[in-house]
Amino acid sequence: MGYVKGLRCKECKRDFPKEPIHVCEFCFGPLEVDYDYEEIGKRVTRKSIQAGPPSMWRYKELMPIDEDHKVGEHVGFTPFVRAKNLGKALGLNNLYVKNDSVNHPTFSFKDRVVAVAVSKAIEFGFDTISCASTGNLANSVAAHSAEAGLKSYIFIPDGLEAGKILGTLIYGAQLIAVNGSYDDVNRLCSEVAAHHKWAFVNINIRPYYGDGSKSYGYEIAEQLGWRTPDNVIVPVAGSSLITKIWKAFHEFQMLGLLDGKVQTKVFAAQATGCSPVTTAIKNGTDIIKPVKPNTIAKSIAIGNPADGYYGVRTANESGGYGEDITDMEVIEAMKLLAETEGIFTETAGGVTVGVTQKLVKQGRIKPDETTVICITGNGLKTVEALEGHYTAPTVIEPKLDSFEDVYSNSATV
Amino acid sequence: MAVKVRIPTPLMKLTDNQAEVTAEGSTISEILNNLESQFNGIKERICEENGSPRRFINVYLNEEDIRFLDGERTAVKDGDEISIIPAIAGGTGAR
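Taken in sequence, the protein lines are chains A and B.
Start counting the first sequence at 1; every next residue gets the next number (the numbering used here).
Start counting the second sequence at 1; every next residue gets the next number (the numbering used here).
Mixed in with the good hints, there may be bad ones.
[What the hints assert, rightly or not] Okay, derived cross-link-like pairs now, DSS-like style, lysine-lysine, Cα gap no bigger than 30 Å in a straight line:
{"id": "1", "chain 1": "A", "residue 1": "LYS197", "chain 2": "B", "residue 2": "LYS77"}
{"id": "2", "chain 1": "A", "residue 1": "LYS10", "chain 2": "B", "residue 2": "LYS13"}
{"id": "3", "chain 1": "B", "residue 1": "LYS43", "chain 2": "A", "residue 2": "LYS18"}
{"id": "4", "chain 1": "A", "residue 1": "LYS292", "chain 2": "B", "residue 2": "LYS4"}
{"id": "5", "chain 1": "A", "residue 1": "LYS13", "chain 2": "B", "residue 2": "LYS77"}
[Stated by the list, open to error] Derived CB-CB ranges, DEER-like:
{"id": "6", "chain 1": "B", "residue 1": "SER26", "chain 2": "A", "residue 2": "PHE26", "range": "39 to 45 Å"}
{"id": "7", "chain 1": "A", "residue 1": "LYS366", "chain 2": "B", "residue 2": "ASP78", "range": "56 to 62 Å"}
{"id": "8", "chain 1": "B", "residue 1": "LEU69", "chain 2": "A", "residue 2": "LYS282", "range": "20 to 26 Å"}
{"id": "9", "chain 1": "B", "residue 1": "GLY51", "chain 2": "A", "residue 2": "HIS250", "range": "57 to 63 Å"}
{"id": "10", "chain 1": "A", "residue 1": "GLY159", "chain 2": "B", "residue 2": "ARG6", "range": "54 to 60 Å"}
[Stated by the list, open to error] Here are a few chain A residues that sit away from chain B, every Cβ distance over 12 Å (derived from the structure):
{"id": "11", "residue": "VAL23"}
{"id": "12", "residue": "ASN294"}
{"id": "13", "residue": "LEU380"}
By construction, these hints were calculated from the structure, which means they are not laboratory data.
Where a beta carbon is used, it is the ideal one built from N, C-alpha and C, also for glycine.
Chain A on its own, in the form it takes in the complex (with noise of 0.2 Å):
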């Protein structure tokens, strides 16, 4: 099985061969999977993926591993949620979350992505996983090395949240932290990977791995009913998703599996404190110019981004736009997620939230179009965010006396 013909500089187009290589060596263009479309069309319905397992696996004609998938049985096919109590509170009539916050194994969209990774890797024969990460991506490394019974050498930068570099430690993988941001860090990690024979799945395996992300965005075409929506807000750290969700729908219209066309207006999100990408766009170049990130949304805060260029032409292309919004704007929609539709995300998806709030304000987004918003990660791994914002609960006395008074105190509440 497997359908990858090879690797393809998205440049300028060279071939190259099914390698652990992620980077054109004339042009320095990075390299992405090129499949064999005709196989898959012979093989992929709407009916076959219907009759395969509820996880990212039911594409697997699509997922650039040659062999069955080593790890992460369960990852993907995540809650599609109707929101119409954050749509009503927004203005949006036909609002949906795709809730990757509680993807399996570790509550974030890098499960899709590390599956793959690790499942590549082990078809390579390596023996050892790393990374660089902000987090999300430490974690389900962390995991499924595990689950593979392979060693994990992960790079963080530090001052990482709690939840994040336990949700590491605990899967018995070695972390390091860096004195630095991210970018130094992966800056470090290609250092790094010159010297040690190693599987980093966001450097040498890169091509395979961002691929694993394509199964967000062919979720979200097959659970709105095979058809795509009029707009997606995506969160962007290094412009993958983003254009991976963007790939997806395409790769569906070309294998004939949808209702109608593609004609997503794809919007990037950012918070202000690292905004390359969305002040990109606002000023109408594709020159990505690199910033220190300064917010507390930790998980997005890439200041370099690998592809901030495909994002830009992404959001571009599609008709969209970028956006960001400040901390407390992020803070604000994380409660307005939560309080409404019971859903607890971290910073990342406060993001996605106050950015559509934003757009729609702005008339970009109109009120009856369909609208998804990503939300890619789980709050209580970024609760240190939230300090300050609430007070302690009332302690009282185990004495009914003692909880009337209370009662009657909050009763106007």
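Starting from the known structure of chain A, arrange chain B on it as the hints suggest.
Just chain B now, kept in the frame of chain A:
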């Protein structure tokens, strides 16, 4: 006008394994043409056919990305230093 140009490892095959070379010219564009005359084939690795640097190549003049200066028309003066650095998705030298 002579300036120092730092060459990235993947292109050192073209410069007889020199990590640093000297080139003449008064703009980035002239420097790149001068490099080509010394080291045949290097320009097509750095530039598109229209002469502007490729998307995943960063050219720095004294630590400043020339995209934020005047691109390949940026003027250079004696003693300036130019660095050519591939901007590789996910990092460099991972092979």
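What are the numbers of the hints the structure violates, in ascending order? Hints 1, 5, 6, 9, 10, 11 are the ones this structure does not satisfy, whereas the remaining hints hold.
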